[in-house]
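Under this note's numbering, think of the first position of the sequence shown as 1, with each following residue one higher.
Everything labelled a hint here was simulated from the structure, so no lab data went into it.
Just to be clear, a hint being listed does not mean it is correct.
As a list, the in silico SDA-like pairs of lysine to any residue whose alpha-carbon atoms are at most 20 Å apart [stated by the list, open to error]:
id, residue 1, residue 2
1, Lys92, Val154
2, Lys239, Phe12
3, Lys239, Met1
4, Lys65, Ile50
5, Lys212, Arg264
6, Lys180, Pro103
7, Lys105, Met178
8, Lys106, Asn77
9, Lys65, Trp273
10, Lys239, Pro68
11, Lys118, Met178
12, Lys92, Met58
13, Lys292, Val305
14, Lys298, Arg285
15, Lys106, Ser91
16, Lys242, Pro103
17, Lys292, Glu276
18, Lys65, Ser91
19, Lys242, Leu9
20, Lys303, Asp318
21, Lys212, His243
22, Lys323, His296
23, Lys132, Asp5
24, Lys3, Val131
25, Lys239, Leu215
26, Lys3, Met178
27, Lys292, Leu215
Predicted model only: the values in this text are computed from it and were never measured.
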Amino acid sequence: MVKIDNIELPDFPLLLAPMEDVSDPPFRALCKEQGADVVYTEFVSSEGLIRNAAKSVMKLDIYEKERPVGIQIFGANLDSMLQTIDIVAESKPDIIDINFGCPVKKVVSKGAGAGILKDVCLMEQLTAEMVKRTNIPITVKTRLGWDHDSIRIVEVAERLQDVGCKAIAIHGRTRAQMYKGEADWKPIMEVKNNPRMHIPVFGNGDVDTPEKAMLMRDEFGLDGCMIGRASIGNPWFFKQVKHFFETGEHLAPISLEERVEAARRHLQMSIDWKGEILGVFETRRHYTNYFKGIPHFKEYRMKMVTSDHSEDVFAAFDEVLEKFAGYQFTE
Numbered sequence: 001m002v003k004i005d006n007i008e009l010p011d012f013p014l015l016l017a018p019m020e021d022v023s024d025p026p027f028r029a030l031c032k033e034q035g036a037d038v039v040y041t042e043f044v045s046s047e048g049l050i051r052n053a054a055k056s057v058m059k060l061d062i063y064e065k066e067r068p069v070g071i072q073i074f075g076a077n078l079d080s081m082l083q084t085i086d087i088v089a090e091s092k093p094d095i096i097d098i099n100f101g102c103p104v105k106k107v108v109s110k111g112a113g114a115g116i117l118k119d120v121c122l123m124e125q126l127t128a129e130m131v132k133r134t135n136i137p138i139t140v141k142t143r144l145g146w147d148h149d150s151i152r153i154v155e156v157a158e159r160l161q162d163v164g165c166k167a168i169a170i171h172g173r174t175r176a177q178m179y180k181g182e183a184d185w186k187p188i189m190e191v192k193n194n195p196r197m198h199i200p201v202f203g204n205g206d207v208d209t210p211e212k213a214m215l216m217r218d219e220f221g222l223d224g225c226m227i228g229r230a231s232i233g234n235p236w237f238f239k240q241v242k243h244f245f246e247t248g249e250h251l252a253p254i255s256l257e258e259r260v261e262a263a264r265r266h267l268q269m270s271i272d273w274k275g276e277i278l279g280v281f282e283t284r285r286h287y288t289n290y291f292k293g294i295p296h297f298k299e300y301r302m303k304m305v306t307s308d309h310s311e312d313v314f315a316a317f318d319e320v321l322e323k324f325a326g327y328q329f330t331e
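When you get a sec, could you build the whole thing from the sequences and use the hints?
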């Protein structure tokens, strides 16, 4: 068993990573159904939240069926982050996660996200003060360091643990790498192997097959893995990994009917939650993966990703079922 404070999780839990414009309530619901053990919200700006920005406030919507669920926040100003803790606590998440890893320029330029990797003392101070502010477990998601020459993740993880952080998820790249190259899990293993570490250490980065998840578990000895891009348009990834762990075999390919049904539900839940315009627009990024592998699919994909009206997208789903009836996916 793995525990985040008093939250009991199965051995080697699978966590849905916080992803902007991806890990919203509709997608989290689908991933939870398919075996995600913990799900995280999109990251929430502390400055946006204390100014009551509609988009930031909306990200605090969580539902009982998602639990355990974490709300992730980012910022670099202590007072703003403490105010954010008070606001977020009202939504009663199981976990509050601090984003010390987002590499995007508009976040980093404000000293937040991965920008704070340049100031480990501030990183430690923010974590310590936020832990003092709430009884909700505080966790951290971060990267190996700012660049290759400033990797101090073993020290950083220990310092965060010592001020009350209850778990740490580490992406195996530096900020300088962004999402390029391969993730390096060896420094994450060094964190886990530090005899002073006693909180869960989760790996993140490039887990896109069940075999890689097993490698992270068995060869690198981590406590669990956080899955991001591999789940986009593929909420079944969690179930695929767990099936592989249990049987050593790959789960049978997801059928066309299952894919269409999931895409329908995803779109409808998105519309119900955020309205027609945003619901249609923000679900588009998933369709390529939902139907990945179908030959001569461009015409239908274009309908899905260019239509501004949900009835047109739903009609495209019907066409796909009719046109490709009987198609057998190979993976």
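Query raised in the report: Which hints from the list above does the structure break, by number from lowest to highest?
Result: 1, 4, 5, 15, 16, 17, 26 and 27
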